[in-house]
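**Q** For reference, the chains in residue letters:
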Amino acid sequence: GAGVSQSPSNKVTEKGKDVELRCDPISGHTALYWYRQSLGQGLEFLIYFQGNSAPDKSGLPSDRFSAERTGGSVSTLTIQRTQQEDSAVYLCASSNRDRPNNEQFFGPGTRLTVL
Amino acid sequence: AQKVTQAQTEISVVEKEDVTLDCVYETRDTTYYLFWYKQPPSGELVFLIRRNSFDEQNEISGRYSWNFQKSTSSFNFTITASQVVDSAVYFCALSEANSGYSTLTFGKGTMLLVSP
Chain A
1 GAGVSQSPSN
11 KVTEKGKDVE
21 LRCDPISGHT
31 ALYWYRQSLG
41 QGLEFLIYFQ
51 GNSAPDKSGL
61 PSDRFSAERT
71 GGSVSTLTIQ
81 RTQQEDSAVY
91 LCASSNRDRP
101 NNEQFFGPGT
111 RLTVL
Chain B
1 AQKVTQAQTE
11 ISVVEKEDVT
21 LDCVYETRDT
31 TYYLFWYKQP
41 PSGELVFLIR
51 RNSFDEQNEI
61 SGRYSWNFQK
71 STSSFNFTIT
81 ASQVVDSAVY
91 FCALSEANSG
101 YSTLTFGKGT
111 MLLVSP
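Line by line, the protein sequences give chains A and B.
According to our numbering, the first sequence is numbered sequentially starting from 1.
According to our numbering, the second sequence is numbered sequentially starting from 1.
Quick caveat, the hints were computed from the structure, so don't treat them as lab data.
It should be emphasised that the depicted structure is a prediction, and the values quoted were computed from it without experimental measurement.
Hints may be right or wrong, so weigh each one.
[Claimed, not checked] Label pairs and their calculated CB-CB ranges: (1) B/83 - A/84: 25 to 31 Å; (2) B/1 - A/83: 24 to 30 Å; (3) B/56 - A/103: 35 to 41 Å; (4) B/62 - A/7: 32 to 38 Å.
Cβ atoms here follow ideal geometry from the backbone N, Cα and C, with glycine treated the same way.
Input sequences plus hints: build the corresponding full structure.
**A** Structure representation (structure tokens):
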């Protein structure tokens, strides 16, 4: 079946503007994750959704970052008042929570450039 | 707090050489999982292997092998007879029981360049 998809693949925006990044997880996967990959920083966890539980937002770097997941499927990561340091690749992953060992399947990412 | 260290930022080898990518982890949990992911130039992370903390048996899959040693908190990855297609960034990652395995903590990755 289809893998995790993300849109857009590339986004260029001006400093101060808001952006929305979308993730479509694998059908049937109950867990969804957002990560950020910056040069020299590796992959950083941002936020995690599991079913109808309250999301784990412990990785969000500031209150300019928020995410929601509608209907337990599609997720949107919103960055308000973007800054140049927000430039990175934003990766989404999903997993089948029935598997306790948590194999995550990653999307191709959205490359965000803030000018 | 959990931490994953990949000390090698970049490795260059010639095709057919063997190469080992190092991974050292820190965790207070006794139950955890370790992972390796490959990120080719296309950008999409590809799962390679998962290991739980109770299973220290080494694993071999084709040209790939993994050496898990709890005594040194290491989970090293060896590619035998490397090929150009192995060129990618390789990430080691950790998930812990006390977080419900809800997140992966990644190392910063090792870029492997295999030249013909």
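**Q** Against the structure, test the hints numbered earlier, and report the numbers of the ones violated in rising order.
**A** 1, 3
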